[in-house]
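Undergrad: So you can see what is in the structure, the chains are spelled out below.
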Amino acid sequence: MDFDLSEEQRLLKDSVDGLLNDSYDFEQRKKYGAEKTGWSKTVWDKLAEQGLLGLPFAEADGGFGAGAVETMIVMQAFGRALVLEPYLPTVVIAGGFLRHAGSAAQKAAHIPGIIDGSKTFAFAQLEKNSRYDLNDVSTTAKKKGDGWVIDGEKFVVLNGEAADTLVVTARTKGGQTDRDGIGVFLVPRNAKGVTVKGYPTQDGMRAADITFTGVEVGTDAALGDPANGLPLIERVVDEARTALCAEAVGAMDESLKITVEYIKTRKQFGVPIGSFQSLQHRAADMFVFTEQARSMALLATMASDFDDAKERAASVAAAKVQVGKSLKFVGQQSIQLHGGIGMTMEASIGHYFKRLSIIESTFGDTDYHLRRASEAGGII
Amino acid sequence: MDLSLTPEEQAFREEVRAFFRDNVPAGIKKKLSENRHTTKEDMVEWTRILHKKGWAVPHWPKEYGGTDWTAVQQYIFNEELQATPAPPPLPFGVNMVGPVIYTFANEAQKKHYLPRIANLTDWWCQGFSEPGSGSDLASLKTKAERKGDKYIVNGQKTWTTLAQHADWIFCLVRTDPAAKKQQGISFLLIDMKSKGITVRPIVTIDGGREVNEVFFDDVEVPAENLVGEENKGWDYAKFLLGNERTNIARVGMSKERLRRLRELASSTQAGGRPIIEDPKFREKLAAVEVELKALELTQMRVVANEGKNGKGKPDPASSVLKIKGSEIQQTLTELMLEVAGPFASPYDIHGDDNTNETMDWIAQIAPTYFNYRKVSIYGGSNEIQRNIISKAVLGL
Numbered sequence: 001m002d003f004d005l006s007e008e009q010r011l012l013k014d015s016v017d018g019l020l021n022d023s024y025d026f027e028q029r030k031k032y033g034a035e036k037t038g039w040s041k042t043v044w045d046k047l048a049e050q051g052l053l054g055l056p057f058a059e060a061d062g063g064f065g066a067g068a069v070e071t072m073i074v075m076q077a078f079g080r081a082l083v084l085e086p087y088l089p090t091v092v093i094a095g096g097f098l099r100h101a102g103s104a105a106q107k108a109a110h111i112p113g114i115i116d117g118s119k120t121f122a123f124a125q126l127e128k129n130s131r132y133d134l135n136d137v138s139t140t141a142k143k144k145g146d147g148w149v150i151d152g153e154k155f156v157v158l159n160g161e162a163a164d165t166l167v168v169t170a171r172t173k174g175g176q177t178d179r180d181g182i183g184v185f186l187v188p189r190n191a192k193g194v195t196v197k198g199y200p201t202q203d204g205m206r207a208a209d210i211t212f213t214g215v216e217v218g219t220d221a222a223l224g225d226p227a228n229g230l231p232l233i234e235r236v237v238d239e240a241r242t243a244l245c246a247e248a249v250g251a252m253d254e255s256l257k258i259t260v261e262y263i264k265t266r267k268q269f270g271v272p273i274g275s276f277q278s279l280q281h282r283a284a285d286m287f288v289f290t291e292q293a294r295s296m297a298l299l300a301t302m303a304s305d306f307d308d309a310k311e312r313a314a315s316v317a318a319a320k321v322q323v324g325k326s327l328k329f330v331g332q333q334s335i336q337l338h339g340g341i342g343m344t345m346e347a348s349i350g351h352y353f354k355r356l357s358i359i360e361s362t363f364g365d366t367d368y369h370l371r372r373a374s375e376a377g378g379i380i
Numbered sequence: 001m002d003l004s005l006t007p008e009e010q011a012f013r014e015e016v017r018a019f020f021r022d023n024v025p026a027g028i029k030k031k032l033s034e035n036r037h038t039t040k041e042d043m044v045e046w047t048r049i050l051h052k053k054g055w056a057v058p059h060w061p062k063e064y065g066g067t068d069w070t071a072v073q074q075y076i077f078n079e080e081l082q083a084t085p086a087p088p089p090l091p092f093g094v095n096m097v098g099p100v101i102y103t104f105a106n107e108a109q110k111k112h113y114l115p116r117i118a119n120l121t122d123w124w125c126q127g128f129s130e131p132g133s134g135s136d137l138a139s140l141k142t143k144a145e146r147k148g149d150k151y152i153v154n155g156q157k158t159w160t161t162l163a164q165h166a167d168w169i170f171c172l173v174r175t176d177p178a179a180k181k182q183q184g185i186s187f188l189l190i191d192m193k194s195k196g197i198t199v200r201p202i203v204t205i206d207g208g209r210e211v212n213e214v215f216f217d218d219v220e221v222p223a224e225n226l227v228g229e230e231n232k233g234w235d236y237a238k239f240l241l242g243n244e245r246t247n248i249a250r251v252g253m254s255k256e257r258l259r260r261l262r263e264l265a266s267s268t269q270a271g272g273r274p275i276i277e278d279p280k281f282r283e284k285l286a287a288v289e290v291e292l293k294a295l296e297l298t299q300m301r302v303v304a305n306e307g308k309n310g311k312g313k314p315d316p317a318s319s320v321l322k323i324k325g326s327e328i329q330q331t332l333t334e335l336m337l338e339v340a341g342p343f344a345s346p347y348d349i350h351g352d353d354n355t356n357e358t359m360d361w362i363a364q365i366a367p368t369y370f371n372y373r374k375v376s377i378y379g380g381s382n383e384i385q386r387n388i389i390s391k392a393v394l395g396l
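Sequence lines, in order, name chains B and E.
Mapping the first sequence onto my numbering, position 32 (from 1) lands on 32, and the numbers just tick up by one.
Mapping the second sequence onto my numbering, position 167 (from 1) lands on 167, and the numbers just tick up by one.
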């Protein structure tokens, strides 16, 4: 039983924190968000320089062979600074697919571009009616010669406009919600028949709705088994959920810190409002919620090493439940304790609230994961 | 970073588990499973069993009969004890006054009192709260006046748990009425057989008699019963109250309760199927399981840190344990009540005196629900815990 970071992990944390302290304050973030892609290529290159984009990849593939704890460290730091760059879709998700299922050729073709920062990815998974069910896929991939033809529509694809390559889930056989017959395909964003409609998101990023019309890709586009890709998708999405839990903990830490600072300095009736017990207790509850979320984010992180896939999934579901409840409380109460100023676009706290709220509905909300944990037969 | 126990810790867990499985008297285990109260005789019997094994006071220093277990082993021991279930050692001696004595008392006092606590020769109770001094403990008024080699004690203590069984009471008394609130308080050990002590039961809403009022009317206490220095009692009290950080989460106990809840929900029908198959109930169950899992992890973080930083340095996360631990315990009693439904209502007059051996354990569900409202009140109410977090952690 050990919750300490190793020496290397501490160094990693210091290096990420240092980078963000230097180049990611609230004003700088505004500038990055205003760029066409919704994030900063300069920052992305810095992440590459510090080796952060190569963390989870095997040394043989040019990476550092780091594990889930390292991803947690990075995502927590990103949560604290509300980082906009597409680390989740590129390194965590596309990287996850490539690591777990990529052929040697696929790895060689794609991983170096991720590590050196020259390429970013997006995950085209959500459909109009799929909501949070990963097995609900209407987009089709039909065999044509040696390759595939993809048709369908995907929504709210994070980094969908800027990505060089899209990771697309598509059905190769069966009905809309069958667990069998789902494949994962690598599709160049500029392939013929791909139409991308980009837009800003509530939490200051950019996403896109993407239409695939007779998009032809080669046989090397399929990642893993095109007839039975769901277990792979579930695994990678669980890793993405785990990363989001860590990001949310970072954002909650920062929300609590900003809020406590604020109520220590804001005066009414001649005293700091933080001297009022009703506000103190609210802040104490925010602390309790944050610590419980931190515990479960740790569980989800360490669950990636569990042998039992069912226990792993149940742990991630449970973590998303706790994080969902915690982020709602911490996010909402951060605004409440700020009062009117918390309602303004110019104060940073509202931006934390918005990011936290969107995390809640990414890859399954609290109710969804509560059902999942319950159907798994409990987690105690 | 690693969640798992070392092979040695795992072996220790097996050893402790096997010991509890084989040595908790069946009658006592049944009472605990059914949420009935154990008797004084039960506690003495069980403490002697632990004592014989050398496990009655494991967290004490070795020279006073303790072990040299690590924080993790301590944690495993408590978890397994609660999950068996076995009676937790009587806290007033083992966890409260014992550590105060071996930390602050003189050699003669250590020699006399500590062995008698360890094998439960002396049953201790706690004389802190008073009618006018609950959360604001330092406002206490019971006074002790020095007269020659004696103190004369007058006043009243309340919420004194199991005082009806007690041989001794450790009291916070005011020895300097002129001093500022916290500064005139001393820590005094008083023989419950002393002339002038009256114990009066307080019957709680569950019908049980756990707590009492204790009256002191010109009670003569030998001056040698003072612990440490006169007027330094508040420091010892703070030490005592800060000692129980991780145990308070009651994770092992809540796991055991959860198991009972599942059992009952599987054998109770509603709408033609067991309640446990009702999706709404299952989700409530899953929700409390998530809370409990999070608490378990939080507790593990605190325990792992304690092992690293040495004892007595509270992890900021430890303040979470009391709040969430008590809330979860209460939620479980609430769900139990929900499952019992209309059968929670009949009042069993024999509920607490052990004369009704065949009583179905469902009879204790409602009383336990009522009784467990206490857990967010005692040991520093959850509101006081929030004060502690806001001051000590958030700096407000």
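Rather than coming from a laboratory, the hints here were simulated on the basis of the structure.
Note that beta-carbon positions come from the ideal geometry of N, C-alpha and C, so glycine has one too.
Some clues are possibly wrong.
Not the full set, but computed from the structure, chain B residues with beta-carbon under 8 Å of chain E [claimed, not checked]:
#, residue
1, F3
2, L19
3, K142
4, G145
5, D146
6, G147
7, V260
8, A283
9, E291
10, Q292
11, M296
12, L298
13, V321
14, S374
Beyond 12 Å from chain B on every Cβ pair, some chain E residues (computed) [to be verified]:
#, residue
15, P58
16, T198
17, E213
18, F281
19, E291
20, E334
21, F343
22, I388
Undergrad: Confirm or reject each hint.
TA: Hints, verified against the model:
1. F3: Result: holds, 5 Å to nearest chain E Cβ.
2. L19: violated (22 Å)
3. K142: violated (38 Å)
4. G145: Interface hint status for G145 (chain B): violated (48 Å vs cutoff 8 Å).
5. D146: violated (45 Å)
6. G147: violated (44 Å)
7. V260: holds (5 Å)
8. A283: holds (6 Å)
9. E291: holds (5 Å)
10. Q292: holds (4 Å)
11. M296: For M296 (chain B), the interface hint holds, since the closest Cβ of chain E sits about 5 Å away, which is under 8 Å.
12. L298: For L298 (chain B), the interface hint holds, since the closest Cβ of chain E sits about 6 Å away, which is under 8 Å.
13. V321: holds (5 Å)
14. S374: holds (4 Å)
15. P58: Nearest chain B Cβ is 18 Å from P58 (chain E), so the label holds.
16. T198: holds (37 Å)
17. E213: holds (30 Å)
18. F281: Not fine: 10 Å to the nearest Cβ puts F281 (chain E) too close to chain B.
19. E291: Given a closest Cβ separation of 7 Å, the condition is violated.
20. E334: Correct as stated: the minimum Cβ-Cβ distance to chain B is 17 Å, above 12 Å.
21. F343: holds (25 Å)
22. I388: violated (8 Å)
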